[in-house]
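In order, the protein sequences belong to chains A and R. Take 1 as the starting number for the first sequence in full-length UniProt numbering and just add one per residue. Take 1 as the starting number for the second sequence in full-length UniProt numbering and just add one per residue.
Read the hints as simulated data drawn from the structure, not as lab findings. There's no promise every hint is true.
Which copy? The list can't say, so a pair holds if one copy fits it or any two copies do.
[Said to hold, decoys possible] Taking lysine to aspartate or glutamate pairs in the EDC-like style, the calculated list, with each CA pair at most 16 Å apart, reads:
1) K53 <-> D146
2) K151 <-> D43
3) K280 <-> E197
4) K133 <-> D93
5) K151 <-> D258
6) K236 <-> D258
7) K133 <-> E225
8) K247 <-> D70
9) K55 <-> E108
10) K133 <-> E117
11) K133 <-> E217
12) K280 <-> D51
13) K133 <-> E278
14) K276 <-> E266
15) K236 <-> E221
16) K236 <-> E110
Note that this is a predicted model, so its numbers are computed, not measured.
2 protein chains.
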Amino acid sequence: MPIMPITPKPIRRTAFFLSDRTGITVEMLGHSLLSQFENIPLDEITLPYIDSKAKATSAVRTINERYIADEARPLVFSTLVNPEIRLIINSADALHLDCFSIFIAPLEAELGARSSENMGRSHRVSDPTGYWKRINAINYALEHDDGLSQKNWNRADVTLVGASRTGKTPTCLYLALQYGIYAANYPLIPEDFQREELPAQIRNIRSKLFGFTIHPERLHEIRSERKPESVYASLKNCEYEVQSAEKLMRRAGIPYLDATSKSIEELATAVLHEAKLERKIY
Amino acid sequence: MPIMPITPKPIRRTAFFLSDRTGITVEMLGHSLLSQFENIPLDEITLPYIDSKAKATSAVRTINERYIADEARPLVFSTLVNPEIRLIINSADALHLDCFSIFIAPLEAELGARSSENMGRSHRVSDPTGYWKRINAINYALEHDDGLSQKNWNRADVTLVGASRTGKTPTCLYLALQYGIYAANYPLIPEDFQREELPAQIRNIRSKLFGFTIHPERLHEIRSERKPESVYASLKNCEYEVQSAEKLMRRAGIPYLDATSKSIEELATAVLHEAKLERKIY
């Protein structure tokens, strides 16, 4: 009788992202590090607001349960300010990568200062004006999306221009949410190409304009999702619009970038840096 | 002649956030760590897209110039995958906190695997479907903001309800941008309070509803920014609307949270976790 080969069960790991606040920073860092190990199957679980000993103890229980279920030690990434809470998490059966401890010691040595937490002050100072800056920036982006609104165009930190569906709207929202930047956007449409002139509303804010262009094939794909089989979405029309928009932007001296294979955060950070905008919030 | 006391010049430090991509993760991590040293005056500079030796060399020059200008060693936080580029940055006269090196070694040991970069593969796999998920989620949020649109309400992963100006719109946009979640929002207005019933459009999606409430004084402040001296913004009306909205949500069995002193990302992550939503993108 032949011996049956035993196929080893593939080890599935669990990564936990723990924070005493929202966990957004630690999950972005952890996820980006783990993407370097693409062959390891991973479950990722964020445990936010671990801000008491009771919640820390409950988190340890959750982590240890996953150890048993996975038959492999979980990975724990944490940004926990409170040392007592960090100590409790350390007791979990896991590889604990404690971002706070790892970085605070060298920073204290370099700066010749104790961190707030190590000075016994556990409160976090929040920025009360930050909330308003962000809300106002979002409202501004919504009110000045796609050429809406007749007023306050000169209040924008930047106004994105380009053919429709080149990624202007999500980029404006990202600039508002992440950086508190007042970002408007104005579409360039066939009427503008025929006139060979910028729309009147944005002609006098030329120094604040920043353009998006895109490969016509990609624009054709994007527009076809929304309006399949339309003239608007046809490759021929997309080629015409992209060429005409680029010509208009070049003549007007508007810097522009190619949005074709960029993510929204890549577009937003590119605009931030290339248009030399200053972020208003962290 | 009295000896003039020499007032020491306060040391101003510069912190650099270096990345081979957008730099969003490393600047969030670095900024959060540095907020623990609130008495140290700091300039924060992000240098994104350091993805070639030439750019790394130029970054080193920028860092060293700040050392001379500040008369104090800069702090450098980096998430750089390429080891040659990390080596160049190491040559800067700075405290270099290299997030990649610090974490990858323990992860390799724990996982018994080499990271992609250390295997000689330097490409990053991007998620082509992630772009679409995010764009579609943003479009959905924009089309289903403030009770707009007559259709597709049951497509939402979550629909936020509450009196107007309680933070529903920015939270929906954040859920879409950060997590790819389809988030709609529907205002509860005086007509609903008089009828003591939910609006018809959202009555049959009750299990997807999540409510926001707020302290009446805070709502009064927020509304007064937009419509000062109006009945709508008056404290009395805000008290009435908040009480009525809470009563309506309780009767309908809709879970709700107090948005009063929360930031947008705190609101979004609270909804994500309390409504047990699954993030669609990283």
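Each hint, compared with the structure:
Proximity of K53 to D146 under the C-alpha cut-off of 16 Å is found in neither arrangement, the shortest distances being 49 Å within a copy and 40 Å between copies. Taking the shortest alpha-carbon separations for K151 and D43, neither the intra-copy value of 48 Å nor the inter-copy value of 35 Å comes in at or below 16 Å. Taking identical chains as interchangeable, the C-alpha atoms of K280 and E197 are never at most 16 Å apart, the minima being 33 Å within one chain and 41 Å between chains. For the homomeric pair K133 and D93, neither the shortest alpha-carbon distance inside one copy (43 Å) nor that between copies (36 Å) is at most 16 Å.
In the homo-oligomer, the alpha carbons of K151 and D258 never lie at most 16 Å apart, since the shortest distance is 29 Å inside one protomer and 34 Å across protomers. Taking the shortest Cα distances, K236 and D258 never come within 16 Å of each other, neither inside one copy (19 Å) nor across copies (52 Å). When the C-alpha separation of K133 and E225 is checked against a cutoff of 16 Å, the pair qualifies only between copies, where the shortest distance is 13 Å, while the shortest distance within a copy is 35 Å. Taking the shortest Cα distances, K247 and D70 never come within 16 Å of each other, neither inside one copy (58 Å) nor across copies (45 Å).
In the homo-oligomer, the alpha carbons of K55 and E108 never lie at most 16 Å apart, since the shortest distance is 28 Å inside one protomer and 29 Å across protomers. In the homo-oligomer, the alpha carbons of K133 and E117 never lie at most 16 Å apart, since the shortest distance is 28 Å inside one protomer and 39 Å across protomers. In this assembly of identical chains, K133 and E217 lie within 16 Å of each other by CA distance neither inside one copy nor across copies; the values are 38 Å within and 20 Å between. Proximity of K280 to D51 under the C-alpha cut-off of 16 Å is found in neither arrangement, the shortest distances being 28 Å within a copy and 26 Å between copies.
When the C-alpha separation of K133 and E278 is checked against a cutoff of 16 Å, the pair qualifies only within one copy, where the shortest distance is 13 Å, while the shortest distance between copies is 29 Å. In this assembly of identical chains, K276 and E266 lie within 16 Å of each other by CA distance solely inside one copy; the values are 15 Å within and 29 Å between copies. Taking the shortest alpha-carbon separations for K236 and E221, only the intra-copy value of 12 Å comes in at or below 16 Å, while the best inter-copy value is 52 Å. When the C-alpha separation of K236 and E110 is checked against a cutoff of 16 Å, the pair qualifies neither within a copy, at 60 Å, nor between copies, at 54 Å.
Hint compliance for this structure: hints 1, 2, 3, 4, 5, 6, 8, 9, 10, 11, 12, 16 are not met, and every other hint is.
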